[in-house]
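*Asks:* One letter stands for each residue in the lines below.
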Amino acid sequence: MAQSPAHGTDHHDHHAAGHHDPQDLKLLGFWMFLVTDVIMFGTLFATFMVLRGNTDGSITGAEVLEMNGIIISTFLLLTSSFTSGVAVLAMNQNKVKQMIIWLVITGLLGAAFLGLEVTEFIHLVHEGATLQTSAYWSAFFTLVGTHGVHVAVGLFWMIAIIIQIVRRGLNSDTRGKVTVFSLYWHFLDAVWIFLLSIVYLMEVM
Amino acid sequence: MGKKRRSLVRAAFSAVTLVMTMLLLSGCGNYMVLDPKGPIAAKQLDLIIITTLLCAVIIVPVLIITFVIVWRYRASNKKADYKPEWAHSNLLETIWWGIPIVIVIILAIVTVRYTHELEPSKALASDKDEVVIQAVSLNWKWLFLYPEEGIATINTITIPEDRPIRFELTSDSPMNSFWVPELGGQLYAMSGMSMALYLQADEPGTYFGTGANFTGEHFANMTFDVNATSEEEYAQWIEEAKSSSETLTAESYEELSKPTEKEEPRLYASFPNGMYESIVTKYLHDGAELHQHGSAETGDLKGPETVDVQDADSEDHSSSHSGH
Amino acid sequence: MLDNIKEFASEFFVTGDPLIYGADASIVLATIGIVFVLTYFKKWGWLWRNWITTVDHKKIGIMYILAAMLMLFRGGVDAVMMRTQLAFPDLNFLEPEHYNQIFTTHGVVMIFFMAMPLMFGLFNIIVPLQIGARDVAFPFLNSLSFWLFFAGAMLFNLSFVIGGSPDAGWLAYPPLSGAEFNPGVGQNFYIWGIQISGIGSLASGINFLVTILKMRAPGMTMMKLPMFTWSVFAASTTIIFAFPILTITLLLLFLDRFFGAHFFTLDGGGNPMMYINLIWMWGHPEVYIVVLPAFGVFSETVATFARKRLFGYASMVFAMVIISIISFFTWAHHFFTMGSGANVNSFFAISTMIIAIPTGVKIFNWLFTMYKGRITFPTPMMWTIAFIPAFVVGGMTGVMLSVAPADFQFHNSYFLIAHFHQVLIGGTVFGYFAGLYYWWPKMFGFKLNEYLGKWAFWFWNIGFYVCFMPQYLVGLDGMTRRISVFSNPDWIGLNIVSTIGAYLMGIAFLFQVAQIGYSIFRHEKDTTGDIWDGRTLEWSTPSPAPEYNFAVIPQVHSRDEWWEEKERRRRGEKPWQLGPIEPIHMPKNSAIPAIMSACWFVLGFGLVFHWLWMAIPGLIGVFICMFARSFSAHKAEYYIPVEEIERTEAKLRGGSV
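Chains as they are written, first to last, in the working numbering: chain V, 59 to 263; chain B, 935 to 1258; chain S, 1426 to 2082.
Everything hinted at is true.
If you anchor each label on the Cβ, the simulated ranges turn out as follows:
1. S:Ile1430 / V:Glu124: 50 to 58 Å
2. S:Phe1461 / B:Phe1001: 47 to 55 Å
3. V:Phe140 / S:Ala1739: 40 to 48 Å
4. B:Phe1001 / S:Glu1998: 36 to 44 Å
5. V:Ala248 / B:Asp1015: 53 to 61 Å
6. S:Gly1458 / B:Pro1199: 53 to 61 Å
7. S:Ala1739 / V:Gln151: 43 to 51 Å
8. S:Leu1516 / V:Ser255: 56 to 64 Å
9. S:Phe1518 / B:Leu1025: 53 to 61 Å
10. V:Ala248 / S:Ile2045: 28 to 36 Å
11. V:Glu124 / B:Pro1199: 56 to 64 Å
12. V:Trp89 / B:Gly1208: 54 to 62 Å
13. S:Trp1469 / V:Trp89: 35 to 43 Å
14. S:Gly1458 / B:Phe1001: 44 to 52 Å
Quick caveat, the hints were computed from the structure, so don't treat them as lab data.
Small disclaimer: the values here were computed from a predicted structure and weren't measured.
Built from N, CA and C at the ideal position, the CB exists for glycine as well.
Chain V on its own, in the form it takes in the complex (with noise of 0.2 Å):
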């Protein structure tokens, strides 16, 4: 037993004011989202690892990918989830106006790569591999764009994390916020690693 009942008083009221730490179940809550968005990228790459082999004799990934274009996405996604880290870095010694610059940073890399992915999906589409050319094609185009779907959601939740620590500054609440949006977006970054080897690099290589 955690406490003695000496102690369960103290321990009691603690309790009796209503104070599970907010940021606490938050954390937690935050982390069993990041578990399900696991199974559901997992399940996209499983789906993709099936249908790989399937492009029903049309174009191949081999044929169009461009791997240059992936290696400037990689390097401005790594880059940006480690200026988050930075971003947290100033947070914790309560530097707001350097921790708004590096997620400001943060949000212009991650807007890059969304470009760069939207101008690899235009390019794609151009050489006729679309959503309906191949079993492959949609695996492809499904898995990397809701890397990228999800991406654009970091961004827009990003800013409107910005304005309300402009407007509140800093407190355990938007500390929390701007926590979880930092595991967020090492999360995405890590999936990305993966979709650099799987979905990129086995077909290229």
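On the provided structure of chain V, position chains B and S as indicated by the hints.
*Replies:* Positioned in the frame of chain V, the structure of chains B and S alone reads:
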């Protein structure tokens, strides 16, 4: 409990018992699955009986114990022990973790043995040649092709008794399942692939066959008869089919594959060579792999059983095997 | 112009069947009636403030249960109609098309919109009370979960009168459910109805996990959790691992249907078998998700009404955890006949059998909880006892089905239908009924009429066996599922009997409605809050519990804390040392969940009909709601002052805490 209510309950119980007894008596022995007419269905029935008995070893005592405990420890029975704190016993819990584990181990061994033995694509041991029948599920009828005889039928099959039949199943419509309960268990019929199912009839008779997996609006009409006959009658039937006025052509197949509500059984004197193969590979573009075969979960079966189909059409069928 | 409108209307509304016109009329009348009553009695404000915007877990739970009961009615009507059609061969009561829609909606409604909300209803009402918490971890999210479920359920049910119902079976296997074979909007309703409510379920899973992990009363270690809460923990864990698979599977099916992608199509390299694998990777855990909480309910009722500690607590926990883990490794037993090969089939056959072991252990533990107990038989206990033989026999046929080569003879037949109804009704439904009767006084402060409850019980039970036992036999006689007509004369007798059973269950449901209706007006009031002499913390609160649940949260020392506390008081020992009352921190009501779910509904409806002009504003609405919440969340809390708590407590408990 009031007297009136108790008698009501009793009346209800006896009604249920009566109905159950009637049910069991009415059809005992006539149920298709319990009345096998071929070696596969017979073995499956053996297995059903074994599993029922193994389960009964646990189920029957549990039902009795339930009744005894509930009756004995009812609150109104003041003679019974009452031990409100007694909630743990290593011995008892070991027993009831242990017994099911032992039963499941036995059941698992039996199952694995039978699963390999009754693998549907495994040829039946027989000194007679097998008959090949190719079955195509269409909306909403079955097309059967006899490639060796060159004849085709709709919604009816005739087979010689005592000879292994190799059914090759596919579909040119949503996934179906081919089932002749008295001869043996079912197997899915799926577009873009061919599945092999061996069955055999031990005695002449007319057996009920059906599509078992829902394929849309008039799925209920996808039943067919399987007539098991002597060799002579079978040969006669083949002749009859060959003299049918109808023949199946690529064009008439186009027409046939369109949805229809219900088709009466009929015979075709001939069908184009390679028709079954072209149905199976309908969705295969040149250079592409036979996609459904590539997926991991069908790996085992697909090996030698479907090579012929792939040979018939796909130049690079070997690539479809590289996956497994 | 008029012609255009007419043409649109005949496409848009389902026409041509008197049954549907009847339903149309009754829906319109019911809606007018509800609007009239609310307006006449000036109840709109009450509805909005007390229910629609509430974040109180107890009220959300009640709404879940109410919705589940309505859906039970709808699914039950479907069932009775099916059984009517099948009573005689070649009957023309329902057209095949209509029959196919009805068995599809019966399955979908019963699993997604009856079993799931009934389950979440019980979660909501009981878990915070059982663990000594003031609410769930995320009350706002909880409300959102409910309204998402509600929006999904409404969207799905709308298909009955608008556009046409889905008709490809409850799991909608492609290619039958794909655009090629199913071009209508019915399958779109299926996808979005389930998708929207599924997101709600996922959120609930997260919510209850965090609640149980973080919000237990001081002293309540995981191994002191009440068994129902343990079952919620196991089910919620299963939800967060299983439901994402469903979300993606439905998304892919949607992409196929909407954008012409090739995941599950026959052409373009699609692979329909992958859908079947994916849907069962979710679907098999799903059946354990709905049955585990029923196991939890039985563990509570059996201990309460045998007036004895739950036997083998550790075993019970272990068994439940094992079940939820193994449930992820059995999915392929739903398609042994796909030709996966002997090794694959053997693996899934054995993993399925293994699940029987912990389940069997649970049965033995319940039995030995009753052994040397003092058993009383109010309705919750009657359902509990009826569960045991029903589930034992259903479990046995389940093991029979798990034997792969034998399954080749059972698969897709009425034997299978009988099996899963026996475990789902005998396990899940009996369990939730037991829970509903058991906790009803906690929810509403009065007991349901026992006399009518017993009539309902007997009709349900007798109907259940009369309905499903013949189905095992007719399955062994080769009758396959999902056929709208049959011609085999051997099947007639069994089908008639089965139909009689279905009607008996229908009558049982009417008894339950009568029971609830009667009890609202004439009932035994629960003045103590502990009407069954219960064992766990929920019985220490007044019935119904105040919005803050516990004025002061008790310190927990043992598994059956409330029972022990009563024992201490009986023995004259020192009772709970409750600290002073302090202001209680509470979440404010919020309209955002209901509005956001309405936006989801608009989004879903737009996508069903391929109306982007409607879907896109819906999507934008969803995002606006998210932002609105993000910007306002920090203001959504308040404190209940001490005086108010004291006043409430004095009123509820007559002065003594």
